[in-house]
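S.K.: One-letter residues, chain by chain:
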Amino acid sequence: MTDEKVKSQSITPISRRSVLKGAVALGAVAVSGGLALNLASPGSAEAALKKMPRKWDETLDVVIIGSGFTGLSAAAESAGAGIETVILEKMPVYGGNSIINGGEYNSWDDEFHLRQKLNLGDDSVDLHEKDTLKGGDFYGFPELVDIFVKGATPSLNWMIDNGGLKLREVLNRTGGHSAYRTHTCVEGVGRCYTEALKKIAEGRGAKIRLNTEVTWIWRKDADLKSPVEGVEIMTGGKTKNIKIRKALILASGGFSRNKEMRQSFNPSIVPEFNCTNHPGATGEMIRYAQAVGADALQLAFIQLYPYAEPEKGLLDTPAVYPFRGPGFGIVYVNKLGKRFVNEMERRDVVSTAQIKTGLKPTYSIFNEAMIPKMGTKEEVERGMARGRFIKADTIAELAGKLSIPANTLEETIKNHNTYMKEGKDPDFGRQFTKVMIPLEEGPFYAIAQWPAVHHTMGGLRINKDTQVIDIWGKPIPRLYAAGEGTGGIHGSNRLGGNATPSCIVYGRIAGTNAAKETI
Amino acid sequence: MGMKRYSQRRPITILFSLITISFITVFLYCTVAGADTGAPKRLATAQQGDCAACHTDKVLPENHTGTKGMVLKDCTACHDKDEISLKSKMPTSHVHMLSGILCQTCHGKKAPFEKVDYKNCITCHSTDVLAKVPARGVFLPNPHNSHYGMDVDCSLCHFQHNKSEFMCAQCHDFKNVTPSPLLPLSFLSKSTEEKTVEASEKVPEEKPPAAPVVHASVPSATDCTSCHSDLKFGKRFGQTPHGKLNCTICHSGITDLTRHTNKEQKPKLTACYVCHSDVNETYAKSYHAVVAKITCLNCHVDIHPTRAVHAIKDKVTDIQICTGCHGDQDRYVKNGHPARILAGNKDAASCSDCHGVHNTPVFAMTDAGIAAKRSYYTNLCVSCHREGGVAGKYGVFPMAVKTYGETYHGKVRQLGHFEKVAGCPDCHTGHNILPPGNPASVLNPQALVKTCGKCHHRFTSRFVSYMPHPDPDNPKQFLPLYLTKKFMIALLAAVFGFFWIHVLLWWRKAYAEKRCLVRGGGPEPPAEESLQYVRRFSMHERVMHVVLILSFFGLVVSGFPLKYPDSFWARAFMAVFGGIQNAGITHRTSAAIMWLLFLYTCWLLLKFLFPGFRVKGWVGRLFGPDSFFPRVKDFQDCWGMFKWFFNRGERRRFDRWTYWEKFDFMAVFWGMLIIGLSGVIMSMPELSSHFMPGWIINIVYLAHSEEALLAAVFIFTIHFFNNHLVPDKFPLERNIFTGSYTLDALKRERPEEYERVLKENRLKEIKCKSPGTAVRLFAGIFGIASVLVGLTLTVLIFWAVFTR
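These protein sequences, in sequence, are chains G and X.
Sequence positions in the first sequence follow the working numbering and run 124 to 642.
Sequence positions in the second sequence follow the working numbering and run 49 to 852.
I should point out that these hints are in silico values taken from the structure, not numbers from a laboratory.
Hints may contain errors.
Think about it this way: if two alpha-carbon atoms lie no more than 25 Å apart in a straight line, the pair counts; the simulated BS3-like pairs of lysine-lysine are [what the hints assert, rightly or not]:
1) X:K167 with G:K524
2) G:K361 with X:K468
3) X:K163 with G:K363
4) G:K435 with X:K498
5) G:K330 with X:K163
6) X:K180 with G:K322
7) G:K257 with G:K524
8) X:K502 with X:K468
9) G:K330 with X:K167
10) X:K382 with X:K468
11) X:K180 with G:K289
12) G:K524 with G:K253
13) G:K361 with X:K180
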């Protein structure tokens with residue numbers, strides 16, 4: 124933008140938008156055309172002097188930031204279109220949160236038609252959509268939900284066919300869902316999906332660069348036609364600039380590990396909360412995108428995972444059992460041996476109920492018969508060796524081992540069994556299904572659980588094509604985003620098992636669209 | 049303008065240049081010096097085992113065997129245990145180097161040297177094999193097959209040029225060490241099933257020289273075992289920790305096999321210390337080395353095992369080894385701790401738990417040596433028998449240590465004079481420790497006379513009813529002591545409660561009044577009365593008070609360190625006395641003086657009541673105004689003073705002795721009764737057993753101690769305030785030292801006495817000259833010093849009470 128243009132703007136009737144726009148572009152535009160758009164730490168020396176690089180160290184077609192589900196899916200599609208694709212990953216290992224997640228994938232169907240095979244009732248795209256919208260208190264945009272729910276099944280089959288993904292022959296009905304649609308992979312951890320995606324992406328020529336941190340997004344100004352031009356990266360202690368010819372895809376995830384950021388949007392998420400995420404989930408890419416004009420929404424919606432390991436907040440393999448269990452009759456009790464919530468409830472409801480008990484931790488109670496429905500005997504035995512699962516032959520013995528009152532726990536379980544038989548829960552209104560197993564026969568198991576920060580629902584505003592929308596409501600040219608770093612999909616509360624399909628479906632869309640950009 | 053600015057800036061410029069120059073100098077110096085002292089060089093040409101090539105400073109311990117030409121296998125022959133593992137201690141590049149993987153194998157031969165990628169690592173190391181290594185426990189999982197899969201960059205944990213780190217520990221509570229000191233290195237292998245164990249031998253391609261240089265002319269293990277063919281040199285030896293060593297490492301000196309077989313060349317004496325230098329250092333100072341002159345092999349008889357080897361030495365083998373020499377089974381093994389171990393209790397103390405393995409201490413037979421020995425062994429007993437210690441698990445009296453610490457024995461121990469008093473093993477003995485109920489026990493009632501008699505003499509059998517571990521808080525164990533403690537607490541609380549409130553209220557009132565006086569200007573006393581002195585105390589009485597003060601301080605400073613032996617000042621006081629012996633002499637001397645003073649006072653009282661053996665009129669004298677005995681007026685005065693404190697009446701008109709002065713005086717009687725008599729009993733505990741049972745000593749000990757606290761704090765706070773620190777006398781009432789005060793003061797403080805004197809026309813009788821300068825100076829210095837010493841002691845006592 125030149126001085127002349129600034130002048131012409133000031134002559135035209137001043138709209139609110141142009142004043143704001145002027146403010147965004149302020150110093151950079153007015154002083155000289157060589158400066159980049161930059162809102163970082165206003166007032167600091169850096170903010171005034173962030174100059175567009177004169178020469179670029181490297182030029183790439185499509186650059187993807189982050190190597191989780193989203194980044195790998197995008198890379199697979201972009202590289203699949205024959206475009207040079209590079210993933211930049213700041214951590215020393217690939218996969219981010221995705222590789223350590225619980226391995227849950229919601230899809231109404233799959234190529235094996237597991238639901239019908241296991242005789243677990245009905246489901247449909249429509250029902251999945253309704254559950255997702257309702258679970259997020261209708262804060263999610265229906266058109267965005269529609270896309271990922273419809274895309275979930277084809278993407279699952281795509282990973283099975285092209286990536287060698289293997290599923291367990293089980294389906295779970297997890298909190299907030301009204302059908303058995305939660306798929307689990309053989310490894311029981313998100314690595315099975317990332318490995319499948321990585322296999323597809325690398326097979327198609329995408330490259331992953333580890334230990335490479337993006338430290339800035341280059342964009343000249345906030346003009347609607349001004350595209351993202353490149354990124355500044357830090358690798359091996361050196362700063363370099365990469366010019367991007369086609370598109371930049373932000374697949375960098377949320378900010379659960381950034382205590383300051385999460386509390387700045389939601390003061391109730393105090394620093395004392397544990398976190399299930401990997402240490403790199405610090406959300407700085409959301410801030411950089413905002414600094415070049417991107418809009419963000421719903422950043423206050425931060426999810427607590429109710430079943431994390433109480434001491435350090437790990438979401439280890441045992442910590443997934445309480446999440447998978449409700450559909451098969453798992454019971455949550457507090458330290459007094461009483462139920463405190465409808466087990467079929469969403470994560471936010473369960474977390475709040477746990478915190479309200481005021482007694483850390485709470486426990487999930489299940490029996491031997493439920494284990495094959497939720498996981499494997501080996502997993503449970505490994506968990507027992509680590510002291511995560513507690514086993515006992517009777518409820519009273521279990522109560523003794525957990526040091527909770529035996530009479531109360533026995534009564535609670537007895538009552539719950541009766542409710543299950545009668546199909547009605549007068550205490551918390553639990554919905555019962557035919558496949559649920561009453562806690563009548565031992566051995567019984569328990570696992571301690573307590574909420575930890577797990578997922579940030581808010582993030583950058585995107586449209587159906589995953590283009591990042593600026594604060595004026597228009598797409599920023601050549602900038603795409605998908606995954607946990609974007610907002611408006613899951614609403615106020617993400618249902619468990621929905622993150623993986625939404626990341627993969629939107630990642631694929633971003634990759635496809637980025638590849639189509641003209642040079 | 050420009051010139052001016054320049055001249056102003058010049059000093060700054062010079063300063064700036066100087067700073068810059070000095071920085072540059074320091075930097076240059078560091079760079080040059082760094083070549084000598086900084087990080088080790090990374091010489092690509094360095095040979096295996098040539099530590100000094102890169103490390104200019106010495107990295108190996110003083111008497112380490114030469115490492116030239118050694119390969120990793122030679123190192124791990126000795127360093128195969130967790131705590132001295134080289135693999136986990138050295139940067140991984142050293143392990144590579146010693147295994148024959150030289151710098152250029154990974155980095156390439158020519159500059160610029162390539163960055164080493166994960167792909168380089170997996171050309172030798174097998175991720176498949178690594179992934180199959182089983183976990184070694186719940187918190188020692190195999191990190192090579194985690195949720196990150198198997199293809200993780202090795203250099204995340206295995207640093208080549210720095211000490212490695214364990215990445216998983218960022219989130220998890222695992223206890224792994226990188227690289228694991230226990231597991232062999234895993235390499236790519238053709239048939240993955242067999243090759244996990246001997247993998248370290250399978251260094252591919254760049255094989256190190258077949259035999260290390262130093263070993264070239266020396267016989268190999270197979271040479272030796274061809275003659276020395278016993279099982280103990282062969283298979284069984286192979287299973288011992290030394291099993292991997294070549295025979296000649298210990299049996300050095302054989303260079304020529306033929307000469308050796310011709311019995312011309314014998315091996316040198318085995319020098320264990322060459323490798324076990326750390327043990328050797330401690331052992332050289334131990335009893336076995338210094339006194340018994342025993343060498344390593346006297347105890348370590350199983351180096352070449354004659355029977356199947358126990359992998360882990362447990363407490364039972366520990367006992368077996370020691371009883372090899374200390375063979376008296378009845379004395380050492382039959383009862384007490386060892387018996388418990390042999391019965392299967394792993395927590396009981398074995399020989400080495402108390403006596404150490406290589407550090408069995410030697411103690412001189414001097415006072416200091418005896419004290420050190422008692423202290424050493426008593427501390428060991430305490431480590432298990434303290435409250436919450438291991439011994440508590442087996443129902444042993446949990447308060448043993450705490451209650452012992454409250455007795456004379458325990459307190460003198462804390463003061464550091466353990467040569468004077470009994471520690472645990474003195475009564476309980478060191479071996480054969482049995483509960484009192486056992487007839488064989490030294491604590492059995494029959495045996496106690498003998499046990500106590502080791503230190504105490506000339507006592508009757510009643511003496512042994514003294515309780516060495518009394519718990520005053522447990523009425524079931526010892527009711528009289530419990531009641532005594534409760535009574536003493538009540539007494540202290542009542543006296544302090546009453547008088548401290550009295551003091552505070554008085555203080556407030558006195559200040560309020562003083563302020564009014566200052567505002568109103570105050571009445572000027574007539575000049576004559578303020579100059580006329582009257583006698584209050586005779587020379588006799590003044591000297592008595594000074595002697596009392598001195599003896600009282602003598603008692604406090606010599607007694608309180610024993611009452612609070614764990615306070616920071618207790619040992620300092622003992623040091624000033626020059627040992628507890630002198631403190632004890634001081635305490636007893638002061639006590640004797642005070643007793644004499646007390647008896648003399650009693651005599652004076654009798655003289656006062658029955659002057660010239662005249663009995664008649666003693667009631668009148670007892671309750672008269674000159675008597676110290678309380679009368680009705682005192683109670684009225686007390687009540688009246690409280691009213692005055694609350695502005696509900698006039699200040700009371702006192703006669704010769706006020707009620708608080710009488711209390712001070714009368715308190716001596718009960719004080720001497722409790723503290724004096726108990727002191728006499730304790731000063732001769734054995735003799736007292738002819739008159740009373742031993743447990744009385746427990747009672748009088750507690751009473752003496754608590755009464756002492758009452759007396760000291762009462763004098764240093766309440767007496768000082770009432771007589772010296774009260775605002776209208778502050779800082780000192782001198783008349784107890786000078787003997788006289790002004791007529792004006794008499795009139796003001798004791799109006800009734802003044803009027804009585806006038807009525808009885810005795811004014812002339814008591815009038816005297818003003819005290820001389822010398823007397824006043826003495827009174828001021830001695831008085832103020834006493835007050836200050838007392839207040840300081842109060843602070844120290846309170847410190848001790850509240851930091852216990």
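S.K.: Please go over all the hints and tell whether each is borne out by the structure.
M.R.: Going through the hints against the structure:
no.	hint	in the structure
1	X:K167 with G:K524	violated (49 Å)
2	G:K361 with X:K468	violated (72 Å)
3	X:K163 with G:K363	holds (19 Å)
4	G:K435 with X:K498	violated (60 Å)
5	G:K330 with X:K163	holds (18 Å)
6	X:K180 with G:K322	holds (23 Å)
7	G:K257 with G:K524	violated (39 Å)
8	X:K502 with X:K468	holds (13 Å)
9	G:K330 with X:K167	holds (15 Å)
10	X:K382 with X:K468	violated (31 Å)
11	X:K180 with G:K289	holds (21 Å)
12	G:K524 with G:K253	violated (41 Å)
13	G:K361 with X:K180	violated (38 Å)
The structure does not agree with the numbered hints 1, 2, 4, 7, 10, 12, 13 stated previously, though it agrees with the rest.
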